[in-house]
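Make the full structure from the sequences, and use the hints.
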Amino acid sequence: MEYRNILVPVAGTEADDEAMKLACWLAKKDRGKIWTVYVITIKRALPLEAEIDSEMHKAEEILDHIERVAEEEEYEVDTDVLQAREAGPAIIDEAVERKVDLILIGIKQKKRFGQFSLGNVAPYVLKNAPCPVLLLQVK
Amino acid sequence: MQNSWHPKLGNRVFRPHRLKRFRLRRVLGIPALFSAGFGDVGSSIYYALGVVALVALGATPVALVLAGIIFIFNSLTYAEGGAMVPEAGGSATFARYGSNDLGGFMSGWALILSYIATIAISAYTIPPYLGYFWPALKDPVVGTAFSMGVIIVLMLINIIGIKQSTRLNLLFIIFVIITQLVLVILGAMLILVPNPQNLVQHIFGAGNWPSTASLIYGISIASLCFTGVETIAQLAEETRQPEKRIPRAYILLTIAVFSLFIGISVVALAAMTPQALGDPVNGWARDPVAGVAAHLPSPVLRAIFAPLVAVAAAGILFGATNAGVLGSSRLVFNLATQRQFPEVLSGIHRRFRTPYIAIVAFSLLAIVILIPGFFVTRFFADLGALYVFGSLLSFALAHASILSLRVKRPDAPRPFKLGWNITYKRHQLPLTAILGFLTTTIVWFTVIVTKPFSSGLAGFAWMIGGFIIYYFYRHRAHLPLTQAPSEKESFKL
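Here the protein sequences line up with chains A and B, keeping their order.
Basically my numbering = 1-based index in the first sequence + 1415.
Basically my numbering = 1-based index in the second sequence + 130.
Among the clues, some could well be false.
Result set (DSBU-like, lysine-lysine): computed pairs, CA atoms no more than 30 angstroms apart in a straight line [stated by the list, open to error]:
1. A:K1448 to A:K1542
2. A:K1542 to A:K1473
3. B:K374 to A:K1542
4. A:K1542 to A:K1554
5. A:K1443 to A:K1554
6. B:K293 to A:K1523
7. A:K1542 to B:K268
8. A:K1526 to B:K293
9. B:K293 to A:K1554
10. A:K1554 to A:K1525
Residues of chain B placed beyond 12 angstroms of chain A at every Cβ, according to the derived structure [unchecked claim]:
11. R370
12. P437
13. A466
14. D512
15. W550
16. T580
17. A591
Hints were generated in silico from the structure; no laboratory data involved.
For glycine and all other residues, C-beta sits at the position ideal for the given N, C-alpha and C.
Given below as structure tokens:
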């Protein structure tokens, strides 16, 4: 399969680094483009366009870091900050708009009430994605 | 896109693709907009019908029709404004563009008053409906305490920022609409059609038709049924293609609300006298829709619909209370962003990332205005008058803003432009906005004159207090009081 447009949503976890490295490896084969997005979720008590400086700084730090990871892999990525009520629909929306071939999400294994859990975002993306989704779990 | 470039140490890399701070993801469709709007407007019938009947007696359906026409004017104005200016401030934003920062602030401040009253009146109406399951809640003292508890719970939920499901909200609204629709149809078939003379007697019988003054006041109170139209405009920034979706959502809302409210009021008057419908102590003033269900002739139908109405009412009123909490906090944040209000109330909680100060402040204010509920049963009408003061003032300012924008910015893009225009000095002024402005202003004055304390005094005290805050804030910030958005400032389409 060819992957010319890969979307890598990041959340600021260790799994992002591994996901970016894998995305760079996949994209190099087909000279593809990598888009990285960080979604700032805005609670309903705020307007959607509310600018929260602390969240923006955090987003910038995370995206700066992920760009450095990509640079180490000798690949360039485009980064963007999205603001939405929920991350899942925002990621799907972005994937549709950019017509990506693959969504690559890094997840860190976690447990909720003693049970293995994928969280909220990954299941939503798996269910609604318009393209293949690759989940990379990091222990 | 192969790249072997390595940045030199100390070089700063310029990233033009992140010049823009962020991009918004707008995901709301027409169903979500409609359900949000109906959740606010549609909840009104569960408390307003009784209040209207208390004043308008047998002319309640007439009062509702006339108030509904004003609602149509309001919806059309908001449709043009919301499509033109899809920002979170709603009519406060219309007023800011239509006049200046002061106009925007006064509109927003009036809206905040109506949101606080929404929180109080919606929460206050939940216990009578839930009294079907727990009769103790029908007691005014217990009920008022329960209402305050509901507000506190919602305050905490919104400080934490617990996620809400758009799909669940939509499904619930569909359930409420179906319940109301079936109730109207059954009421018409089983109560009205077999005995149409009851409806005639209850409307025109001795002592049932109100005086002219009461009818006019009844129309003003009936506008209580149709407030909440602001909700869709405030969500305009969260939908793609607002120029299409906002007007369509408003049209759907108008059809649904108008037909259901008129239907329920006619069925209610066919089932009971206006005195029974409007009695807050021994009648159904505080839970009028439950009264309709209780008058269904079949015991089986009563057993089915009484709990359904209780659940539907409690749910939609809970949602309306929540909408008031969210609406007020969002609006304050929007005003603070536009430097129309001190930023202190828009402070964000470090952990929960919610505007907790605004949420707490307005929730506590709503609790305070509920205190009379412990002592006075009829304060319900006063609460409604306060609500109407704030909402009608903001509606009047919205109409004025749309008219002003037709004059000041005639060439601005108007994706949904109202028709039926009057030409005045080469300006196209929509007739519905003119009529809307006149009627909402008249009704607003009527409420003030009829309820001088709870509406006039309290309402004006609120507005004056807000102006004082605005004045000192702008003075300290070295900003002019009446600064207008620059001509170059474009609407965010």
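Now for the hints, and whether the structure bears them out:
1. For the given pair, K1448 of chain A sits about 24 angstroms from K1542 of chain A by alpha-carbon distance, which is consistent with the 30 angstroms threshold.
2. Straight-line distance between C-alpha atoms of K1542 of chain A and K1473 of chain A comes to about 28 angstroms, which keeps the hinted pair within the 30 angstroms bound.
3. Only pairs whose Cα atoms come within 30 angstroms are accepted, and K374 of chain B paired with K1542 of chain A is accepted, the gap being roughly 29 angstroms.
4. Note on K1542 of chain A and K1554 of chain A: the hinted pairing holds, with a Cα-Cα distance of about 23 angstroms set against a maximum of 30 angstroms.
5. At most 30 angstroms may separate the alpha-carbon atoms for a hinted pair to count; K1443 of chain A and K1554 of chain A meet this at roughly 26 angstroms.
6. A hinted pair counts as satisfied when its Cα atoms are at most 30 angstroms apart, and K293 of chain B with K1523 of chain A qualifies at roughly 22 angstroms.
7. Note on K1542 of chain A and K268 of chain B: the hinted pairing is violated, with a Cα-Cα distance of about 46 angstroms set against a maximum of 30 angstroms.
8. Among the hinted pairs, K1526 of chain A with K293 of chain B is consistent with the structure: their alpha-carbon atoms are about 20 angstroms apart, no more than 30 angstroms.
9. A threshold of 30 angstroms between alpha carbons decides the hint, and for K293 of chain B with K1554 of chain A the separation of about 28 angstroms falls inside it, so the pair holds.
10. Distance restraint check for K1554 of chain A and K1525 of chain A: the Cα-Cα separation of roughly 9 angstroms lies within the 30 angstroms cut-off, and the hinted pair is therefore satisfied.
11. At roughly 9 angstroms, the least C-beta separation between R370 of chain B and chain A is not larger than 12 angstroms, which violates its mark as non-interface.
12. Non-interface call for P437 of chain B relative to chain A: holds, since the shortest CB-CB distance, roughly 30 angstroms, exceeds 12 angstroms.
13. Annotated as non-interface, A466 of chain B brings its C-beta within 12 angstroms of a C-beta of chain A; the closest such distance is 10 angstroms.
14. For D512 of chain B, the non-interface assignment is confirmed: its Cβ lies about 28 angstroms from the closest Cβ of chain A, beyond the 12 angstroms cut-off.
15. With a closest Cβ-Cβ approach of about 32 angstroms to chain A, W550 of chain B is found to remain outside the 12 angstroms limit, as its non-interface label requires.
16. The non-interface label for T580 of chain B is consistent with chain A: the shortest C-beta to C-beta separation is roughly 35 angstroms, beyond 12 angstroms.
17. Non-interface call for A591 of chain B relative to chain A: holds, since the shortest CB-CB distance, roughly 27 angstroms, exceeds 12 angstroms.
Taken one by one, the earlier hints fail for this structure at numbers 7, 11 and 13, listed in ascending order.
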